[in-house]
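*Asks:* Each chain, letter by letter, is given below.
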Amino acid sequence: MKLRPIHQGPLLEFYAPDYSTAIDLPYIDAGLRAGFPSPADDFIELRIDINKEYIKNRDTTFFARVKGNSMVNAGIFDGDLLIIDKSLEPQNNKIAVCQIDGAFTVKRIKIEQDVVWLIAENENYQPIKVTPENELMIWGIVTASIKKF
Amino acid sequence: MFALVDCNNFYASCQRVFEPHLLGKPVVILSNNDGCVIARSNEAKALGIPMGAPAFEYKKLFEEQQVFVYSSNYALYGDMSSRVMNLLATFSPEIEVYSIDEAFLKFKGFEHYDLESYGKQIQRTVTKGTGIPISVGFAPTKALAKVANKIAKKFPDRTQSVYVIDTEDKRIKALKWTKIEDVWGIGRRHAKRLQRLNITNAYQFTQLPDAWVRKEMAVVGLRLKRELEGKPSLDLEKISAKKTIATTRSFEKMHSKLPDIAERVATFTAACAEKLRRQNSHCNLIMVFIRTNGFRQDQPQYSRNIVIQTDFPTNSTIELNHHAQIGLKAIFKEGYQYKKAGVVVMGLTPNAHTQLSLFDASNPKHLPLMAVVDKLNRSYGINKVKFASQSLGRQWKMRQEKLSPRYTTSFAEIIQIKL
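Same order as they appear, the protein sequences are chains A and B.
According to numbering that gives the first Met the number 0, the first sequence is numbered sequentially starting from 0.
According to numbering that gives the first Met the number 0, the second sequence is numbered sequentially starting from 0.
Think of the hints as simulated: they come from the structure by calculation, not from any bench.
Keep in mind that this is a model prediction, so the values were computed, not measured.
It is possible that part of the hints are untrue.
Pairwise CB distance ranges (calculated) [to be verified]:
(1) A/50 <-> B/112: 55 to 65 Å
(2) B/159 <-> A/147: 50 to 60 Å
(3) B/348 <-> A/128: 45 to 55 Å
(4) A/53 <-> B/55: 42 to 52 Å
(5) B/159 <-> A/90: 45 to 55 Å
(6) B/249 <-> A/90: 49 to 59 Å
(7) A/147 <-> B/258: 34 to 44 Å
(8) B/348 <-> A/53: 51 to 61 Å
(9) A/50 <-> B/195: 40 to 50 Å
(10) B/255 <-> A/50: 15 to 25 Å
(11) B/256 <-> A/125: 36 to 46 Å
(12) A/68 <-> B/155: 55 to 65 Å
(13) B/171 <-> A/91: 22 to 32 Å
Subject to a maximum C-alpha distance of 20 Å in a straight line, what follows is the list of computed SDA-like cross-link-like pairs (lysine to any residue) [stated by the list, open to error]:
(14) A/66 <-> B/191
(15) A/55 <-> B/90
(16) A/66 <-> B/205
(17) A/146 <-> A/71
(18) A/55 <-> B/191
(19) B/127 <-> A/57
(20) B/191 <-> B/205
(21) B/127 <-> A/66
(22) B/127 <-> A/146
(23) A/128 <-> A/108
Sample of chain A residues lacking proximity to chain B, with all beta carbon distances greater than 12 Å (derived) [said to hold, decoys possible]:
(24) 49
(25) 63
(26) 79
(27) 86
(28) 92
(29) 107
(30) 115
(31) 145
For each residue, glycine too, the CB sits at the ideal point set by N, CA and C.
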C-alpha cells in the first residue's frame, strides 16, 4: 500500500490509498504456544491483506498524517498515520476528525444532551465545549492509527 | 427511470473537502497553466466571474473580493471522482459515467418506488462519504433527467437537491422553465435559430411538428424531442458527449483473466484516441472501468474505476494506452467474472490550445504516426492497422501480451501517475 499525498493543511496532511501494491502476508492461525507444537496439518494458512483489515469502505476512507500531541493518551502521536472513514456516523466516545470554525482537529467526541464536547487525550489540553456559536462538522471517524518504528 | 447525478461545483467542492475554511467563500480553479478560470463556486459565480475568465484580467478582482484561487489539481479531482462514481454504482447495476462529475443511473422497475427518498439516500451516502455535494434528477428519459437535475440544483432549498419528474404536469412545468439554449443536446447554432422562430423554451420545442424537427435538426433532434416528451429514445452510453468520449462494451462472454481484459481496454483506448484525433482534440484525463455482471447476483460482484491524469494533453493511442494499462492493472482483481469494461477520455481541449505543450512534452513523433494510422484505417477499413496490445484475432491473444511492454519502454520518462 502506497500513499499518495492529495492535500496538505497546516495540521493534517491527507493521502489517498493506492491499492496497486496490495501485499499479502502469510498468517498462521495457530498462535504461539511454546512447547506445544501443533502438527503441520493443523496450520490454517490464510493471506492477510492489510488494506482489507484496516479499510472497510475504500471509497470513503482517507488518510491523514498527525501533527501535534493533544491525543497522546489515546495512543495517537505526532507523525502517526490516521485512517479515517467518512461514511461512519459520529458516536459518543469515538475519535473523530472534526472541522470546528473552519479548522481541522482530531479529538474524542462526547455527546451530551444539549452539548458536544471535543476532548483532548492529554492533560495539558482543555476540553472544547461546542456551543451553538461554533460551526462544528464531524469530518470523519478515525478507525485506526498506524505508527512506524 | 433515469437519474442524472451531478456534483455541485465539483472542482471547488473537492478543494473544500480538505479546506473547510473555504465554505461560503468564493473559490475559482484555473486551467492547466493557470491561464483561465475553469471552475467556480457559487460565491464566485455571484461575483460575476465568467467561465473562461483570463486569470490576469481578473487578478485585481480576485484580490479585492478575496477570492481563493487554485491551480487545477487533477490528482485530487480524479480520485474524488472515482470515489463518487464507485458509490453511485452501488445504487444501480446500470451506470454511465458521463463526465468527471456527472453520471446517469438507470433504474428498471423503479417506477412505483419512492424515488425522492431513494434520491436522498443516494445523496446522503455520497455527500457524507466523500464530502462532495450532489444534485439528483429523476425522470423517465435521460434528457428529462438532465432537466430535473437542473431544477434540483437551482432550487436546493425547495428540492433539497433531489427532484423527480414523474407526472405530465411536472414535465410540462419543467420544460416551460427550461430555456431553449440550456436544453441538453441543443447547440448554440440551433438554439439561435429556434430563438429566431420564437421558440424560447423546451416546451415550445416539443410542440414543433416532427417533420420540421427531422428536416432541420436531423434524427438527433427528433430523438431529443421524443426524450423531452417523456418517450425514452436514448439508452445509457448512446450519446457521445462533447465533454467526454467514451468507448464501453459488454463482453460477449465473461472474462476473468487480466490479458483478455487488457486487450479489450487497449482496443477501447484506441477507439477513443481515434475519435479524439478525428475531432481535433486532446484529453488530459483517462478513466478505465471494469465490472462484473450486475444481473448475476449469484456471482461475486466487483466494479471499479480509476481516473488517471496525463501530464500533458494527448491524443496519441500509444500514450493513452500506456496510462490505461497502468490504470487497469491497479483496479483489476483476480477471482471475478468480468462482463464489461470501458474507457472514457475527459478534459478535452482543442488541438490549437495544446500546440505549445505538445512539443514540450508529448512525443512529437506520434503526431505523424497517428495521422498515418488513421489514414490507413480510413482507406483500408477500420482497425486494419492496430496497436500491439489490441487483438488481431483470438489465436494471437496470448502472444499479444508479450508484445505490450513496448509501450512502457518508449515512454518511461514522461509518465507520472496520479489517481
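*Asks:* Look at each hint and say if it fits the structure.
*Replies:* Now for the hints, and whether the structure bears them out:
1. A/50 <-> B/112: 55 to 65 Å: Given about 35 Å between the Cβ atoms, the range is violated.
2. B/159 <-> A/147: 50 to 60 Å: Since the Cβ atoms of residue 159 of chain B and residue 147 of chain A sit about 44 Å apart, the hinted range of 50 to 60 Å is violated.
3. B/348 <-> A/128: 45 to 55 Å: holds, 51 Å
4. A/53 <-> B/55: 42 to 52 Å: Given a distance of about 46 Å, which is inside 42 to 52 Å, the answer is holds.
5. B/159 <-> A/90: 45 to 55 Å: For residue 159 of chain B and residue 90 of chain A the Cβ distance comes to about 25 Å; the hint is violated.
6. B/249 <-> A/90: 49 to 59 Å: With a Cβ separation near 42 Å, residue 249 of chain B and residue 90 of chain A fall outside 49 to 59 Å, so the hint is violated.
7. A/147 <-> B/258: 34 to 44 Å: Hint holds: Cβ distance 37 Å, inside 34 to 44 Å.
8. B/348 <-> A/53: 51 to 61 Å: violated, 39 Å
9. A/50 <-> B/195: 40 to 50 Å: Once the Cβ atoms are compared, 59 Å apart, the range 40 to 50 Å for residue 195 of chain B and residue 50 of chain A is violated.
10. B/255 <-> A/50: 15 to 25 Å: holds, 21 Å
11. B/256 <-> A/125: 36 to 46 Å: 59 Å Cβ-Cβ, so the 36 to 46 Å window is violated.
12. A/68 <-> B/155: 55 to 65 Å: Roughly 41 Å apart at Cβ, these two residues miss the hinted range, so it is violated.
13. B/171 <-> A/91: 22 to 32 Å: Violated, at about 50 Å.
14. A/66 <-> B/191: Given that 20 Å is the threshold and the Cα spacing comes to 57 Å, the pair is violated.
15. A/55 <-> B/90: holds, 18 Å
16. A/66 <-> B/205: Cα-Cα ~60 Å, so violated.
17. A/146 <-> A/71: holds, 12 Å
18. A/55 <-> B/191: Violated, at roughly 52 Å.
19. B/127 <-> A/57: holds, 14 Å
20. B/191 <-> B/205: holds, 16 Å
21. B/127 <-> A/66: Violated, at roughly 25 Å.
22. B/127 <-> A/146: Distance ~27 Å between residue 127 of chain B and residue 146 of chain A Cα, so the pair is violated.
23. A/128 <-> A/108: holds, 10 Å
24. 49: holds, 16 Å
25. 63: About 10 Å separates residue 63 of chain A from the closest Cβ of chain B, which leaves it inside 12 Å; violated.
26. 79: holds, 19 Å
27. 86: At roughly 4 Å from the nearest Cβ of chain B, residue 86 of chain A sits no farther out than 12 Å, so the non-interface label is violated.
28. 92: holds, 20 Å
29. 107: Answer for residue 107 of chain A: holds, closest chain B Cβ roughly 19 Å.
30. 115: The assertion about residue 115 of chain A holds, with a minimum of 17 Å to chain B.
31. 145: holds, 20 Å
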